[in-house]
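Chemist: Read off the chains here:
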Amino acid sequence: MSFKSSKLPGGARIFYQNIGYQWNIIEPGIQGVIFNASGFGYDRALERGKPPNLPSNVYFDPQLYLLPLPKESCHKSCANLATYPWLPIDIPRPEEFNTPDDWKNNLNQTIIDNWPPLINNQDIKKIVMQTIDFQLEFKASEIIIPSILTNSVESDLSREMTFVDSGLDYVAPKGIPALATFAISDACLINNNPSDNPLLQIAIDQFTARDELVGVYIVVENSRGESLRISNPKVAWSLLEFCHYLNKAGKEVIVNYCDSFGIVCMAAGAKGFAGGFGNKSKRLYFGDYQVRGGGGAYPKFYAHSVISEYLPERDLEKIRDNKLMRLLEADKTPASESLFEVLNSGGSVANLPEWREALGNLSGSRKHYIQKMLEVSNRVNGLTSQQIENYVLSWLQDAERNVVYLNDRFNEDALSDDGRHVKAWRSAFESYLATLI
Amino acid sequence: MSKINANELAKQFPNYQIIRLLGEPGGQGEVFLIQLEDDSKAALKIYYPANLVFRINREIEAIKQIQSEAMVDLIEAGTITLSSQSCKYLITSYIAGKDLRTFLTEGNRLSNDQAVKVCKRISKAIDELWKKRIVHRDIKPDNILLSDKGDFYLIDLGIAKYLDKTTLTAAGRNPGTLGYMSPEQALGYRNLTLKSDIFALGITVFECVTGNHPFNSDQNLIGCKDPQTLDYSQFQDTFLKDLVRRMIRIRPADRPSSGDVIQKLETTRRS
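For the record, the sequence lines run as chains A and B.
Every letter in the first sequence is one number past the one before it in the numbering used here, and letter 68, counting from 1, is 68.
Every letter in the second sequence is one number past the one before it in the numbering used here, and letter 90, counting from 1, is 1090.
Heads up, a few of these hints could be off.
Derived pair list, reagent style DSS-like, types lysine-lysine, alpha-carbon separation capped at 27 Å [as the list claims (entries may be wrong)]:
| no. | chain 1 | residue 1 | chain 2 | residue 2 |
| --- | --- | --- | --- | --- |
| 1 | B | Lys-1098 | B | Lys-1149 |
| 2 | A | Lys-174 | B | Lys-1131 |
| 3 | A | Lys-174 | B | Lys-1064 |
| 4 | A | Lys-248 | B | Lys-1264 |
| 5 | A | Lys-248 | B | Lys-1225 |
| 6 | A | Lys-248 | B | Lys-1120 |
| 7 | A | Lys-125 | B | Lys-1064 |
| 8 | A | Lys-126 | B | Lys-1064 |
| 9 | A | Lys-248 | B | Lys-1131 |
| 10 | A | Lys-248 | B | Lys-1124 |
| 11 | A | Lys-174 | B | Lys-1124 |
| 12 | B | Lys-1041 | B | Lys-1011 |
| 13 | B | Lys-1041 | B | Lys-1003 |
| 14 | B | Lys-1117 | B | Lys-1132 |
| 15 | B | Lys-1064 | B | Lys-1124 |
| 16 | B | Lys-1124 | B | Lys-1041 |
| 17 | B | Lys-1132 | B | Lys-1120 |
| 18 | B | Lys-1003 | B | Lys-1098 |
| 19 | A | Lys-125 | B | Lys-1131 |
| 20 | B | Lys-1117 | B | Lys-1041 |
| 21 | B | Lys-1131 | A | Lys-126 |
Derived coverage of chain B by chain A (criterion: at least 3 residues anywhere in the stretch with Cβ under 8 Å from a Cβ of chain A; other residues may be distant) [what the hints assert, rightly or not]:
| no. | stretch |
| --- | --- |
| 22 | 1181 to 1191 |
| 23 | 1252 to 1261 |
Hints were generated in silico from the structure; no laboratory data involved.
Beta carbons are placed, not taken as given, at the ideal position from N, Cα and C, and that holds for glycine.
Just need the whole structure built from these sequences, with the hints factored in.
Modeler: Structure, rendered in structure tokens:
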């Protein structure tokens, strides 16, 4: 079987779009996508075929780190994951039932009865091999060796490394490049500076010691869900330290679920970062996988210069009315040009269909978000390491200054995003620069 | 003087000739020089009965798995009865020579060329072990043999650890030798990598070149005293000095891998 490595010349840095149940949202110009197994089932992955406009870098994440999902509230995602043959759950087939509802009810009950699937140590090798075979069939450009979520500071990563070594034993003799998953809960990173965190140091040691490994695909679980982004400086700093050491050891690092903090990770040596507009693409928080009623989310404008997201009517019109739009001028993208036109001409965003503040009206804000991430990742792509560090430092410091100003200015009638994470990011990056560079 | 009755031992191995006692490594048992049926020499290691059987089995298992020019070959392993007690034994190829501890005690020092050679050969052994995800965990001058032909061999895999096997000791404690343990091993990290062995090799090479332990054999100084500030003046070659300096860095990720060490030495020696 021929195999195309996704390694781009000159260590190109890439933004990857997370793909869940919606496969028609891939933005033109995107260089990489990561299909998330929990967003769709096995049959769909195999039968429907992939969208025609796929970029050259395609990944499939088996998401075994989602096994701790609570089955009662997250049965949809659990059911999707259970359809893949590597998980030891016998799920009912639709053709065995008279109606789709009968099948769904039976499926839900099966999930409730059998979730989480138990993975014994002797099963790991088989499971990992099956996920790899599937990724090859899926024509992924690089293999993601799956692993479980590390959520105990007492872990010595032995079990996680059994997943990694099972994958390497399978792909290395075939010369297939592979990334190892390192899924870690922020609860394991929150209490220590990175150099004083045994678990993080073990992880760095274990991953850098494996010559056969092309790199690491790191996902950080947001265990409390109180923020859409990493808001603890120690968690952010830990991620930067991990990227730094892995890069120094010649490993690729792709970071997922950390929103635009991925750009900071690129300054610390990450090859790329993945994300998307929806909460499930932005962060790894189990609460986001709960099945809910309602009409979805409100559109939001991602303002890169203040690393915050604003509601188009309630926030942006207020900013416009206070003559502060110049703070956001650099954040304009093709998808948000019409929004700026309306705002700058004194009009109401309510009259702009693609940005109107209505539940589920997300196409404009999604496009804008992706376009902005693409623009920034393309921008840093041409820079040297030193230039990226300078760019990121300026960006974070300027953003913090602007956030402080905006919060002060709108003290009485606060904006929906207070940007509190920005200080944590800036602090983490400065700590990183002070200790490792 | 041997604690094992020679006549009793000879009876257990009627096809082999017991020539003489070679030593009592680590107090675990005794090693005898023997002659096999084909007249070749071999080393017979008899473990004292009190030794932990799973440690012995681990050493046997490790030697079985590894093919390395820098390690002894396994010829035979089994159990015999001595003084009514069951004892494990191991027969390996015999390397005529002395361990580096004895070499040092006799007032010798490794030359630059010998230091390069020991670094390269033992790194190759570490590399072979790590391919099987085995960490030796007790590299020190006592566990490296210098053969009469001038080659170096890594011995004693009694506490080598497989990554996927349970630890032999209580949580938070690691076996090994104080003064040679990497900071992470001394801290009780259960999941070590080859970088831990690289650290111990770096300490060993430093000691064998200078005649002094870089941290005065004080494990407490390891991890506290910056390896960059040590006295490397007795190293003739800058590249070897720089390499050893990197090998004993505090953080595993800052140390070279075995592959890096081998490549660095081969590249430098060629140029």
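Chemist: Regarding the pair B:Lys-1131 and A:Lys-126, is the alpha-carbon distance no greater than 27 Å?
Modeler: 20 Å, holds
Chemist: Taken at face value, is the distance from the CA of B:Lys-1225 to the CA of A:Lys-248 at most 27 Å?
Modeler: 24 Å, holds
Chemist: For B:Lys-1098 and B:Lys-1149, compute the direct alpha-carbon distance and say whether it is at most 27 Å.
Modeler: Holds, at roughly 11 Å.
Chemist: Quickly compare the C-alpha distance for A:Lys-125 and B:Lys-1064 to 27 Å and report which way the hint goes.
Modeler: 23 Å, holds
Chemist: Tell me if the straight-line CA distance from A:Lys-248 to B:Lys-1131 falls inside 27 Å.
Modeler: Between A:Lys-248 and B:Lys-1131 the Cα gap is close to 22 Å, so the pair holds against 27 Å.
Chemist: Please work out if B:Lys-1041 and B:Lys-1003 have their alpha carbons no farther apart than 27 Å.
Modeler: 22 Å, holds
Chemist: Counting residues of the stretch 1252 to 1261 of chain B with a beta carbon closer than 8 Å to any beta carbon of chain A, are there 3 or more?
Modeler: Satisfied; 4 residues make the cut.
Chemist: Does the structure keep A:Lys-125 and B:Lys-1131 at a Cα separation of 27 Å or less?
Modeler: 17 Å, holds
Chemist: Are the Cα atoms of B:Lys-1041 and B:Lys-1011 separated by 27 Å or less?
Modeler: 18 Å, holds
Chemist: For a C-alpha distance cap of 27 Å, please report whether A:Lys-248 and B:Lys-1120 respect it.
Modeler: Given pair A:Lys-248, B:Lys-1120 holds - Cα atoms ~23 Å apart, limit 27 Å.
Chemist: Hinted pair, alpha-carbon criterion (27 Å max): A:Lys-174, B:Lys-1124. Please report holds or violated.
Modeler: 23 Å, holds
Chemist: Is B:Lys-1117 within 27 Å of B:Lys-1132, Cα to Cα?
Modeler: 23 Å, holds
The structure fails none of the hints (numbered hints given earlier).
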